[in-house]
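*Asks:* Work out the full structure, taking the sequences as your base and the hints as a guide.
Number of protein chains: 2
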Amino acid sequence: MNKIARKNAFYAQSGGVSAVINASACGVIETALRHSRHIGKIYAGRDGIVGALTEDLIDVGRESPAVIRGLRHTPGGAFGSARFKLKSIEQNRAEYERLIEVFRAHDIGYFFYNGGNDSMDTAHKVSQIGESLGYPIICVGVPKTVDNDLPHTDCCPGFGSVAKYIAISTREAAMDVASMARTSTKVFVFEVMGRHAGWIAAAAGLAGRRPGEPPHIILFPEIPFDPERFLERVKQCVTDYGYCVVAVSEGAAYADGRFLAEAGTKDAFGHTQLGGVAPVVADMVRQRHGYKYHWAVADYLQRSARHIASKVDVEQAYAVGKAAVDLALKGHNAVMPTIVRKSSRPYKWTIGHVPLGEVANREKKVPREYITPDGFAITEACRRYLEPLVAGEAYPPYRNGLPDYVHIKGVRVRRKLTKEFKIQ
Amino acid sequence: MNKIARKNAFYAQSGGVSAVINASACGVIETALRHSRHIGKIYAGRDGIVGALTEDLIDVGRESPAVIRGLRHTPGGAFGSARFKLKSIEQNRAEYERLIEVFRAHDIGYFFYNGGNDSMDTAHKVSQIGESLGYPIICVGVPKTVDNDLPHTDCCPGFGSVAKYIAISTREAAMDVASMARTSTKVFVFEVMGRHAGWIAAAAGLAGRRPGEPPHIILFPEIPFDPERFLERVKQCVTDYGYCVVAVSEGAAYADGRFLAEAGTKDAFGHTQLGGVAPVVADMVRQRHGYKYHWAVADYLQRSARHIASKVDVEQAYAVGKAAVDLALKGHNAVMPTIVRKSSRPYKWTIGHVPLGEVANREKKVPREYITPDGFAITEACRRYLEPLVAGEAYPPYRNGLPDYVHIKGVRVRRKLTKEFKIQ
Chain P
0 MNKIARKNAF YAQSGGVSAV INASACGVIE TALRHSRHIG KIYAGRDGIV GALTEDLIDV
60 GRESPAVIRG LRHTPGGAFG SARFKLKSIE QNRAEYERLI EVFRAHDIGY FFYNGGNDSM
120 DTAHKVSQIG ESLGYPIICV GVPKTVDNDL PHTDCCPGFG SVAKYIAIST REAAMDVASM
180 ARTSTKVFVF EVMGRHAGWI AAAAGLAGRR PGEPPHIILF PEIPFDPERF LERVKQCVTD
240 YGYCVVAVSE GAAYADGRFL AEAGTKDAFG HTQLGGVAPV VADMVRQRHG YKYHWAVADY
300 LQRSARHIAS KVDVEQAYAV GKAAVDLALK GHNAVMPTIV RKSSRPYKWT IGHVPLGEVA
360 NREKKVPREY ITPDGFAITE ACRRYLEPLV AGEAYPPYRN GLPDYVHIKG VRVRRKLTKE
420 FKIQ
Chain A
0 MNKIARKNAF YAQSGGVSAV INASACGVIE TALRHSRHIG KIYAGRDGIV GALTEDLIDV
60 GRESPAVIRG LRHTPGGAFG SARFKLKSIE QNRAEYERLI EVFRAHDIGY FFYNGGNDSM
120 DTAHKVSQIG ESLGYPIICV GVPKTVDNDL PHTDCCPGFG SVAKYIAIST REAAMDVASM
180 ARTSTKVFVF EVMGRHAGWI AAAAGLAGRR PGEPPHIILF PEIPFDPERF LERVKQCVTD
240 YGYCVVAVSE GAAYADGRFL AEAGTKDAFG HTQLGGVAPV VADMVRQRHG YKYHWAVADY
300 LQRSARHIAS KVDVEQAYAV GKAAVDLALK GHNAVMPTIV RKSSRPYKWT IGHVPLGEVA
360 NREKKVPREY ITPDGFAITE ACRRYLEPLV AGEAYPPYRN GLPDYVHIKG VRVRRKLTKE
420 FKIQ
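Going line by line, the protein sequences match chains P and A.
Residues 0 to 423 (numbering that gives the first Met the number 0) are what the first sequence spells out, left to right.
Residues 0 to 423 (numbering that gives the first Met the number 0) are what the second sequence spells out, left to right.
Derived from the structure by calculation, the hints contain no laboratory data.
All of these numbers come straight from a predicted model, not from anything done at the bench.
Please note that the accuracy of each hint is not assured.
Since copy identity is lost for identical chains, a pair holds within one copy or between any two.
[To be verified] DSS-like, lysine-lysine: derived pairs with alpha carbons at most 25 Å apart:
#1 Lys329 <-> Lys40
#2 Lys415 <-> Lys329
#3 Lys6 <-> Lys329
#4 Lys418 <-> Lys347
*Replies:* In structure tokens form, the structure reads like this:
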């Protein structure tokens, strides 16, 4: 490693945040700090890549070790994240040139980009354009997505904790419904995230173990929604078990591709109505069967629930952060660390890596063999895949009854460029 | 206590269940088992009072000590609960007579009724009618309501755990929103329970400590909703902090008494639309300001979230169950144990009791001095009241990554009556 010149490092969070993206930040930062012979300053983008473009850099070195350590148990994006996808180089070359200009001004030689598919694409392009502009920069992606849809990695940091939260919430709410069903609510509909892939919906399936245990129905985006079959099954469940618990993915859609949520959001005049797929599905049940129902939409609660994060997920999130720095220092460029499963029972995993070009803009959906033939439940194979990912609890410290999450000071690095850059 | 004849005991759960109602059951059962000289068999109503009326009694003695102990960490109503309010004696004397008939047939001398306002009313009436029918029975209420609206008790078992869940979820989701606000969601609306009293909404206020910390706005049922003032405040928050987190009670209402949720559930032709107050409020914000928003409805998740129950709440739930039996054995009749606060900092509490007649059918709302003059936040006095109730964690045991909740066998007691009873 001696031949590598000492350069500064830049870290940014991208896209929807998670309960453990800060654990990855912690892994990047703590590892970079241990390699001060090769990595000088550590900067973070305020609000992700937007911070780089606007030269709004946070000096991570000004944060206390306690705060850095505390990132491991703090949800959300401590440095700020952004839903901001760089356009193609042809469409907006100025953005890429600006990035390289900022990196050059701050002597940044390492770019660690913590995000999902789109971000891996961006990191890949930055690595290419840096080269072509004569400012080579080592770009390493750090995987993060609650949707679990990145290819080439067995799972994605962020997913295990959402999965745990959804499985637990489904089990708990179902126990509530079961105890009241004789005289009250008979159908409970629980909406979960995952617009294109049903991994989170699948996790609800962990709540039940034996036949008849809730959830009784899972609606996956991978399985076209058939209202008749669904409503028939709901009735059967209420007859057989006295109640019916439904977990529905926000991405559940008809065979023609229309989202259920969308279908319920316009009235006869095309006016937008209030949305969410859970109320749409619940209303369908009410109209056909007249059962008393309740519905819940966990929304951001599910992806920020650090209080019940999966221990395995926290460890993997930290590990991919650490691995990103290790890979960079070994001279790897345009790669992303991956999680490689060695065995499921007992669960054993290790860290691998894959070229960014192979990850970018591809999605991994729930395979058909993970869903039962009727399309309403998970198979044993799916359970075997999911179970290790929700294993173990990693409770945060508490203070006055609430989790004691950390906040960064966020000291701004002195600007070196005079030119303002307007975000398009 | 020697003069008390040995009688059997009957326990029933009533109304909406909670994360800790089974901890009260555990307190009743374990205490009754320790007094076998005075209490013979312990029966529970399957599905609450409905089980008594239909002579569907569960023999609690057939459950293992491990399951009884496990009730302490298990949410929902293990024996089944019911939304079933006995009518007045004038309207349906037959129901009361049937109850006494069943109690007499099974030699039941103690009736422990675990519920809220309505249930305390029922227990009170049962005590009166038993007397008048020549079958005196000792009736002791066991307080339970997540709404925290029972009078004469400092707080209600079930509330502390909901409060903790809501405060934590608000803090976590707000951190998510804060980190994304620059390029994504600016307004987050979180709907919480409490149709008539804003105690649960108030608990969201614990999430923030310093000025500007979320939640930025709480909408209480106690404060008439003024759309203009609300929308103005939302705008101010987005301007000042970059985002706005709103906690709204399902009971939030206009000055004329119309619920916000109701107002949003009919279209211009009077057709019922999909409901929930969060989407209504979020849509109001969108229409006026155009901000990108998200909303969540925790619904049953909040009251069944045993995974993050308040330790104080679990202890108090157990204590009122134990106290109910102790009071009964001391010869108290038609009473309810209460929680008496001795001091807030440090928190000290003890158990008192109150006649059922003073509790029945009365509601305790959030006092005006617990809400800031502008109506959008909680005061220091409110914080001092709430904070001890969410203190401490009482984690359940886990198995394969999920809480290991118990299920009763629910062995049915042999029926002694030949007559069927039809629930009206």
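*Asks:* So, for every hint listed, does it hold in this structure?
*Replies:* Hints and how they fare:
{"no.": "1", "hint": "Lys329 <-> Lys40", "result": "within (19 Å within a copy, 72 Å between copies)"}
{"no.": "2", "hint": "Lys415 <-> Lys329", "result": "neither (30 Å within a copy, 80 Å between copies)"}
{"no.": "3", "hint": "Lys6 <-> Lys329", "result": "within (14 Å within a copy, 78 Å between copies)"}
{"no.": "4", "hint": "Lys418 <-> Lys347", "result": "neither (50 Å within a copy, 61 Å between copies)"}
In summary, the structure is inconsistent with hints 2 and 4 from the numbered list given earlier, while agreeing with the others.
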